[in-house]
Amino acid sequence: GEDVEQSLFLSVREGDSSVINCTYTDSSSTYLYWYKQEPGAGLQLLTYIFSNMDMKQDQRLTVLLNKKDKHLSLRIADTQTGDSAIYFCAESNFQTGRRALTFGSGTRLQVQP
Amino acid sequence: GAGVSQSPSNKVTEKGKDVELRCDPISGHTALYWYRQRLGQGLEFLIYFQGNSAPDKSGLPSDRFSAERTGESVSTLTIQRTQQEDSAVYLCASSVPKASRGHRLNTEAFFGQGTRLTVV
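Taken in order, these protein sequences are the chains called Y and C. Quick note, in my numbering, the first sequence goes up one by one and the last residue is 114. Quick note, in my numbering, the second sequence goes up one by one and the last residue is 1332.
Hints listed in this document are in silico derivations from the structure and should not be mistaken for laboratory results. Accuracy of the hints is not assured; some may be wrong.
[To be verified] A partial selection of chain Y residues facing chain C, derived with a Cβ cut-off under 10 Å:
1) Y34
2) G41
3) S106
[Said to hold, decoys possible] Facing chain Y, a subset of chain C residues (Cβ under 7 Å, in silico):
4) G1254
5) F1257
6) P1273
7) F1277
8) Q1325
9) G1326
All values reported here derive from a predicted model rather than from experimental measurement. C-beta: ideal position from N, C-alpha, C; glycine also.
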């Protein structure tokens, strides 16, 4: 079945850039997403990218998609302590009729002051 | 309300008892999802409702799990004869499908804060 994998943990210093990586197995994924989960809170959609794009930028966030390698990354510029959270990569494929998003296990980002 | 609302926020139950979890999606959202998140793990898909179509139940882990949805509004997830391995946060999400090139697509899914279920 479909699979999404992420590294478990990333620690950066405040002000540095963070790069969170994700790999997926479904080569016909339609959309790829990044969600943020803060302690005790629900998931919040940060950004998503359509599979025919290779880059999307939104303020401090840059998403890079390498379809050939099935690799997705999220870069957070000038990382702040408020960015500390768990970041989930997710993908969906509507062409096969699979409607639900498949999530990775999440990457815990720790920002050191 | 403005967002997806889930109740209760926390539920402690004895092993073997039945529990019912509720989700109120955002008004107008025709798609509704249930996911389960075990401690330290990612989200595990359980079930998906889309309008009047037959639900996608492919993620339900056993016949002890069932879910209903009334029209395009409230959904309830029922777990019968709860087991300790059912302990998790149960998350509900809703979205509005958008059409593109003849496909109905679900883009942004809005999540509720979840129900933390503890089976003792």
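Comparing the hints with the structure gives:
| no. | hint | verdict |
| --- | --- | --- |
| 1 | Y34 | 8 Å, holds |
| 2 | G41 | 8 Å, holds |
| 3 | S106 | 4 Å, holds |
| 4 | G1254 | 4 Å, holds |
| 5 | F1257 | 4 Å, holds |
| 6 | P1273 | 14 Å, violated |
| 7 | F1277 | 15 Å, violated |
| 8 | Q1325 | 4 Å, holds |
| 9 | G1326 | 6 Å, holds |
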